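J.: Next come the chains, spelled out residue by residue.
Protein chains: 4
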Amino acid sequence: MSLALAPELQVTRWFNVSGEPPTLEKLRGKVVVLHAFQMLCPGCVNGGLPQAQKIAALFPPSDVAVIGVHTVFEHHAAMTDVSLAAFIHEYRLKFPIAVDQPGDDGPIPRTMAAYGMRGTPTLILIDRGGLVRRHAFGAEDDMRVGAEIAMLLG
Amino acid sequence: MSLALAPELQVTRWFNVSGEPPTLEKLRGKVVVLHAFQMLCPGCVNGGLPQAQKIAALFPPSDVAVIGVHTVFEHHAAMTDVSLAAFIHEYRLKFPIAVDQPGDDGPIPRTMAAYGMRGTPTLILIDRGGLVRRHAFGAEDDMRVGAEIAMLLG
Amino acid sequence: MSLALAPELQVTRWFNVSGEPPTLEKLRGKVVVLHAFQMLCPGCVNGGLPQAQKIAALFPPSDVAVIGVHTVFEHHAAMTDVSLAAFIHEYRLKFPIAVDQPGDDGPIPRTMAAYGMRGTPTLILIDRGGLVRRHAFGAEDDMRVGAEIAMLLG
Amino acid sequence: MSLALAPELQVTRWFNVSGEPPTLEKLRGKVVVLHAFQMLCPGCVNGGLPQAQKIAALFPPSDVAVIGVHTVFEHHAAMTDVSLAAFIHEYRLKFPIAVDQPGDDGPIPRTMAAYGMRGTPTLILIDRGGLVRRHAFGAEDDMRVGAEIAMLLG
Numbered sequence: 001m002s003l004a005l006a007p008e009l010q011v012t013r014w015f016n017v018s019g020e021p022p023t024l025e026k027l028r029g030k031v032v033v034l035h036a037f038q039m040l041c042p043g044c045v046n047g048g049l050p051q052a053q054k055i056a057a058l059f060p061p062s063d064v065a066v067i068g069v070h071t072v073f074e075h076h077a078a079m080t081d082v083s084l085a086a087f088i089h090e091y092r093l094k095f096p097i098a099v100d101q102p103g104d105d106g107p108i109p110r111t112m113a114a115y116g117m118r119g120t121p122t123l124i125l126i127d128r129g130g131l132v133r134r135h136a137f138g139a140e141d142d143m144r145v146g147a148e149i150a151m152l153l154g
Numbered sequence: 001m002s003l004a005l006a007p008e009l010q011v012t013r014w015f016n017v018s019g020e021p022p023t024l025e026k027l028r029g030k031v032v033v034l035h036a037f038q039m040l041c042p043g044c045v046n047g048g049l050p051q052a053q054k055i056a057a058l059f060p061p062s063d064v065a066v067i068g069v070h071t072v073f074e075h076h077a078a079m080t081d082v083s084l085a086a087f088i089h090e091y092r093l094k095f096p097i098a099v100d101q102p103g104d105d106g107p108i109p110r111t112m113a114a115y116g117m118r119g120t121p122t123l124i125l126i127d128r129g130g131l132v133r134r135h136a137f138g139a140e141d142d143m144r145v146g147a148e149i150a151m152l153l154g
Numbered sequence: 001m002s003l004a005l006a007p008e009l010q011v012t013r014w015f016n017v018s019g020e021p022p023t024l025e026k027l028r029g030k031v032v033v034l035h036a037f038q039m040l041c042p043g044c045v046n047g048g049l050p051q052a053q054k055i056a057a058l059f060p061p062s063d064v065a066v067i068g069v070h071t072v073f074e075h076h077a078a079m080t081d082v083s084l085a086a087f088i089h090e091y092r093l094k095f096p097i098a099v100d101q102p103g104d105d106g107p108i109p110r111t112m113a114a115y116g117m118r119g120t121p122t123l124i125l126i127d128r129g130g131l132v133r134r135h136a137f138g139a140e141d142d143m144r145v146g147a148e149i150a151m152l153l154g
Numbered sequence: 001m002s003l004a005l006a007p008e009l010q011v012t013r014w015f016n017v018s019g020e021p022p023t024l025e026k027l028r029g030k031v032v033v034l035h036a037f038q039m040l041c042p043g044c045v046n047g048g049l050p051q052a053q054k055i056a057a058l059f060p061p062s063d064v065a066v067i068g069v070h071t072v073f074e075h076h077a078a079m080t081d082v083s084l085a086a087f088i089h090e091y092r093l094k095f096p097i098a099v100d101q102p103g104d105d106g107p108i109p110r111t112m113a114a115y116g117m118r119g120t121p122t123l124i125l126i127d128r129g130g131l132v133r134r135h136a137f138g139a140e141d142d143m144r145v146g147a148e149i150a151m152l153l154g
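Residue numbers (the working numbering), protein chains in the order written: chain Z, 1 to 154; chain C, 1 to 154; chain E, 1 to 154; chain H, 1 to 154.
In isolation and in its complexed conformation, chain Z is listed as follows:
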């Protein structure tokens, strides 16, 4: 089995970032947790985003970088940056959140397409060397995710 290098994020705008925005390349050396979500996806709101917040609270930022990616692939007019900004404020999300770049043809945004994501929520774990070590679509168990991140740290 060969692992794929994580494609770089393609971003139109960042939230919760002051100064230079992060890139996966600059994050080499850390474990990176990508949480791809849509603000109107119930499974993201109830499960995926609380889990991402928990990861950000549990692991030291010097070792683990949590990044949200707003991968809107449906209801585009309903989930604009204006709405997302209010959503981030109301749900008190503190980790950096990237808005995925619209696709050239079709509803799927670019980062979502580059990773071959099937929908939201999607969790991607990237090791210190930049390789994708886990790609999970749907609800993931907290204990399992905690163990997987720790394995990549160890």
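Everything labelled a hint here was simulated from the structure, so no lab data went into it. Among the hints, a few may not be true.
With the C-beta cut set under 7 Å, the calculated list includes, among others, these residues of chain C facing chain Z [said to hold, decoys possible]:
{"#": "1", "residue": "P42"}
{"#": "2", "residue": "G43"}
{"#": "3", "residue": "A77"}
{"#": "4", "residue": "F87"}
{"#": "5", "residue": "L153"}
If you want the ones that stay clear, here's a sample from chain C, every Cβ over 12 Å from chain E, calculated [what the hints assert, rightly or not]:
{"#": "6", "residue": "A85"}
{"#": "7", "residue": "R92"}
{"#": "8", "residue": "P96"}
{"#": "9", "residue": "P107"}
{"#": "10", "residue": "A113"}
{"#": "11", "residue": "R118"}
{"#": "12", "residue": "G154"}
All values reported here derive from a predicted model rather than from experimental measurement. Beta carbons: idealized from backbone N, C-alpha and C, even for Gly.
With chain Z's structure known, arrange chains C, E and H on it following the hints.
T.: Frame of chain Z; chains C, E and H shown alone:
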């Protein structure tokens, strides 16, 4: 103690209504449950709206009318009708939902103001005669709400 | 449809009762909620007993009497009165709890048999006149139970 | 900081073990998770034991050994082996469970005393070399526990 007659809803648009839209006046004879919410209010998404759906599923529509009221009083540009339509679709809300009319001066919409609501979620129970019998701001216990509605029916 | 008069409780011992123990006959005029349980039944511990506590906290004791019935029909040696006393203490149950009388032949205790209960948890609602108005085996929704008790009060 | 070697378990009886009972010494090379509980402790029933079951399901038994320890320090007559056997059956616990030896003088059993446990639930993580790496009294977060076990494995 004297009870107030429930002020009529002031609505710019209805969702989940085909044909003639409901009015409180036309609903006299039924118990009416108003659930005032904002689509980006976490307490509404996690608590109030699931409770409203439960009420709509438990009590026969011939006796109890459940009506959502989208009372946007903050982040107005983030919670437009376009966004609300997608929200209703994704969260599979089936009961009639009214969009509250913007206020003349200030952020508080008209129905919200007429009822003196302090925020969202707010639950209002109206008896068969059109009187407000309960006004609750914040999370309400399912068992208590079930009992209160049944008392108004009995 | 004709409703059955609730059979009198057959009790070897009461917990949480000081003075004269209750009987269904003496409770006429109140709505009575019987919660039949076994202390080692997971569905009782996780669902039924917390619901019974909620009922006892929500409705005034002058109108609604909540009574637990320990209907042991399996693992009899494991659920003795000594064990039940510790269970009641640790789970902070405050409503009166009756220990059902052992059956003459077979594992089913007498009150359980008289009501035709199929297992635990079982919820029995008895109206002010002493008639069984609801008999539910398994998990029951809080909102529904709240509404049913209120209907019997109304 | 120096870590303590985990004291050997002092056991009167095992449940869910066929053949030779485990000892910490024989488990050297594996990570060992001790979950100390009392069958009538609500925090154990609702939190600690489900977590122990989750650990046993998530991690391969060749790497992680989950062991329950019934450390009865109160209500001794209420939590006998007969009651524990029924409890294990009803809650479908599958991992090995040791009954802690009664203390010589006082209510605290021997393994509990040797570890200096303050109550139940207590979670003890022992590394492959037999050292106690974590001692936690009370509810523990699943994600954190998953990460800690993985760290000891890595």
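J.: Name the hints, by number, that the structure is in violation of.
T.: 2, 5, 12
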